[in-house]
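Student: Can you build the whole structure from these sequences, using the hints too?
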Amino acid sequence: MRRLLIFLPVLLAAAIFITPLPAQAQNNPPLPAVTELEAQDTPNDSGSSILVTWKAWPNETSETEYIVLVSGAKDGQFFEAAVVPGGLSFKSDQPRYFGFAEKNKDYHYASVKLSKEEVKEPRKGIFQGKDGTEYFFKVRLRHGEQSSDSGLVSAISSENWFDKGKLNNFILMIIFGFVVMWFIQHAKKNPNLFIRKISGLDAVDEAIGRATEMGKPIFYVTGLLPMSELPTIASVNILGRAAKIVAEHDTLLKVPCYDPIVMSVAQEVVKDSYTKAGRPDAYREENVFYVTSDQFSYVAAVDGMMMREKPATNFLLGYFYAESLLLAEAGAAIGAIQIAGTDALAQLPFFVTTCDYTLIGEELYAASAYLSREPVLLGSLRGQDIGKAFLMAVLVIGTALTLAGIPFLKHLLTPF
Amino acid sequence: MEKSFWEKMQAIDRRIIFLFVAIGVIVPLVVELKLGVSVTNRVKNIYNKIESLPERSHILIAADFDPSAAPELYPMLESVLNHCFRKNHKVIVATLWPGGVGLIKKSLDEQSKEYDRVKEEDYAFLGFKTGGTAVVLSMGQDMKKTFPEVDNKPYIDIPVLKGVDKLADISYAVAISAGSPGIDNWVIYGSEKYGFEIGGGCTGVMATQYFPYLQAKQLNGLMGGLKGAAEYEMLVGRQETGSAVKRMDPQAVTHIIIIAFIILGNIAYFSTRKTNKS
Amino acid sequence: MVLLKRQIPLIIAFIAGIVMLVQYYIPLQESQDLLSEFTTWAMIIGAFALVIGLSSLLHMHIGKIRRLAPGWGYSLITVVALVTTAGVGIIAGMQRPDPDSAIYGSQAAQIQWMYINLMWPLGGTMFSILAFFIASAAYRAFRARTFEATVLLIAAMIVMLEVVPIKIFAAIGIPEINNWIFTCPNMAAQRGIMLGVALSVVATSLRIIFGIERTYLGGGD
Amino acid sequence: MEKYSTAIVVGIVVAVFIIVNVILLATGTIDVSEGNFWTGFGIIVGAGLTLAMYSFLYKDNPVFKFAEHLYIGISVGYFIVMTIYDTLMPNLFTPLFNPGPDKAPKLILIIPFALGILMFSRFTPKYAWLFRWSIAFIVGFGAGVAIPNIIKANILVQAQSSMVMVTDWWSTTCAIIALIGVITVLLYFFFSLEHSGAVGKISRVGVLFLMISFGASFAYTVMARISLLIGRINFLLKDWLHVID
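Protein chains in written order, with my numbering: chain A, 1 to 416; chain B, 1001 to 1278; chain C, 2001 to 2221; chain D, 3001 to 3245.
Treat the hints with care, as some may be off.
[What the hints assert, rightly or not] Heads up, simulated DSS-like pairs for lysine-lysine below, C-alpha to C-alpha not over 27 Å straight-line:
no. : chain 1 : residue 1 : chain 2 : residue 2
1   : B       : K1008     : A       : K310
2   : D       : K3238     : A       : K216
3   : D       : K3103     : A       : K216
4   : A       : K116      : B       : K1166
5   : C       : K2005     : D       : K3126
6   : C       : K2005     : A       : K188
7   : D       : K3106     : B       : K1153
8   : A       : K410      : B       : K1144
9   : A       : K254      : C       : K2064
10  : B       : K1166     : D       : K3103
11  : A       : K103      : A       : K74
12  : B       : K1105     : A       : K105
13  : D       : K3238     : B       : K1113
14  : B       : K1129     : D       : K3106
15  : A       : K116      : D       : K3106
16  : A       : K113      : B       : K1113
17  : B       : K1145     : D       : K3201
18  : B       : K1105     : D       : K3238
19  : D       : K3103     : B       : K1144
20  : B       : K1145     : B       : K1129
21  : A       : K103      : B       : K1193
22  : D       : K3059     : B       : K1008
23  : A       : K197      : D       : K3201
24  : A       : K105      : B       : K1217
25  : A       : K164      : B       : K1217
The hints are simulated quantities; they were obtained by calculation from the structure and are not laboratory data. Since this is a predicted model, take the numbers as computed values, not measurements.
Tutor: In structure tokens form, the structure reads like this:
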């Protein structure tokens, strides 16, 4: 018991020493004001906000608070605009605004929102600023009971006409656009560009011929995306080439459609191909028809048609979802030759395993060039190859540099 | 005799395989086997994130699926909701798919009851909005403009939505989706554009498509298919109440059947090829 | 006439394309609004196109019913189901309290009953038929015929083993191998495909915008 | 003869289905009492349609054909309702013709309205070309949106995330293998180079990467598909037949 009594003061002393009591905090030197305070218009935005940045207080904890105060006049009433707790909201969190500089880890930022229009009935005690007006900011550092205010800075928010965060995207677009366009022009002068063999497309003639011999129809599915999507456009382009061969062979071509607009376009394209093949009389509008715009009723209907009409050849080209295998396996069951193609990553495995030929990703887009050998399309393809070579080089150099600890290219390519 | 068996095996009637698959599903459903699943880090990351957030954090759950994908995705929605309610987070649910509305309401009712969470105080369902990407973009700008009314009540009058003016105000989001619009829209036009952390849940077929997102940290975690759902159920301890873990039994059996068929097919292929050669 | 039939569509495509392209890089509020405005426009045009689709569908089925062609009974089912669903939905939609309320026609009770008890079982079942098809496709495709086919087979087998809850597979690290397959070679392949597709899409889009690609307009003058 | 036997089989199957349901109703397993009628009736209809769809696995038959045609009709009908009330009303008719008491009609919507109406020109052979204007808008719009978005998602994101900052040897090896994969796959897609010699060999490595990816994705999907089947079988065994709980 006596021993305990002796220990008691020691324990008390230890407790005081360990827990930072407010009494002790008062003995601390006064808090410094935040330094390197800056205010700027938020870049790359539609206006209505200002970024305030300052250097983090080195001793900050999660108890620390930075209160951003704003006013319309230097000596006017200041309102609370934002509160940043210690340990959060660093400049390094927003490379979109501040870049990738190493020292950004030591600076805080806060975004102060403003409104576009003049606020008609401002609510009392709340700051409601307007775009394009100069505002004054200071930051109050608060820790425990203590607080200290910084000096004043000011900024005006404005709209930006170009998003510099998307500059990398813009430059890539310009480069690729230029290369593709240049090669298209080039190909007009030198029409005989080489293109490698794509076995799936070499088989188109054979597949259509087979249907003719067997006296059975050909099914062509353009995928499930609407006309505004690129895989559908690629598919419709191939449909045009295939329909021409079909017309020459005098075989029945059926195009069950998922989207009414795609159906309208497919009708025009097929009709045009029949005309070009000199067989406008053989074109029947009802063979390019609308089924439904619901995924599984569409597939039930097309599978049912396949079982009944037993097409000799199926073309499944475009963008597909889960129905890819439902269509391809039904086609395999009736022994049709199947030529598939998609850039839907998730569906490629099913086409590759169940179809006779599969156009993988880019090959779908190359198909119309390959089938038509039009110089313009071949030139575009050559431009894409140059683009790929460029990307390969960027990837190799970028990965090597990044692995060596220089993430320069990685930062350059980061999209915002 | 044996040779002809392998030859028959080579060109087996598809309907025999169909029959075996059916048996492989039905039998384990009737007779419980309790085989269980193993948990991967992909799923654990989502769990840890929700677990580590302070109480009353705002969590957005984007449930973009309809009944056809419900067997896989509904248990995910249930388990994530259950976890959020247990941690007393504020839950906001949105959907870009018209077919999902009924399912979301059902799971919100059921899971909130378990922890006595109150509609509008602890959770809100923003309802279906057509437009996909456009909806996500608009939510990033101003959510009360996107959803002026929630359940015929003005957005600003709903307590649980206080402090959530736009997507950036969310502490964490989980996008459970069965296709497009879905995770892609939430990641590219949501979290990427407006800056918030997001985890995903998707059907098994889509999961591999999102691994690049995982590596690029565009998604912090991913539940893939029924197994992902079962893993989350194990993590939140809902093996008995949830449906995903139970449904993994027929999965295991059917997988064994398919693997067996593939092996048989290869044996048949090699044995007939040898005889053809000789 | 060529102007109206050929040039104007090309000009429309050019303007719509360039505007959307440039819009992406402009952060102004007006530019953001334009994206949503054009998206709505595309939706509206699509909605009108449904009439064209409907006419194609009804033309086929009503034609069959008129001619009493083989299977006309099935066509009758389609037409009756279509008219009933649309009719019930449209009437239910008109009964909603005010035009701006959130209760859409498609969410009326009668339509929801049809959705849950007809569409759901039909769609869900069609979707689930994939379970059978994937098994038969796997059986036919996964044969070690060539070196490439063997690689395909092995990768598939390893991934499938993860689901089999036999301890030995976990012990030899099947889940870890799977993680690696998906995050390394699988992702590399997907990235390769994605990069190539991106270039194709950019090139095709540019050809459309500049009027070089015009198959989609059909033929004639 | 075959047609005749099909009819018999179909007749028997339908009869069995009816008998099962009568038993279920008689024993009260499925509740169709006042208030529950639509739920109970819905389960029977759902079960019937589920079985009708599965009958396709055996072969094409009248029951499947019935379900298929019913499905098309309902889905198109549903789509019509969706289009009117979820697209046209809120986005076109309400803001243009009925914007509310204190709002001006959104006249700019006349443009898409007109482009929509132009679609109908397809009904008249003489003016069918007018629909090209609408198509041109949709295709041009899609092309314009696609370019920057795909550059971002498929090029920038993919390229910058394949440049990983790692220090341990395992991650470094992975990054290098992945890089080899991307490069060889890209080379496989080169169209201006014949796949022979060194190019052929390297692009064959790319093909191996593709094969691993396809095999793995395929196998991963098996699970998802079986989940769907489990869901349907569950419905039949639990909600309809009540043989499991």
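Student: Could you work out which of the previously given hints the structure breaks and list their numbers from low to high?
Tutor: Those not satisfied are hints 2, 3, 8, 11, 12, 16, 17.
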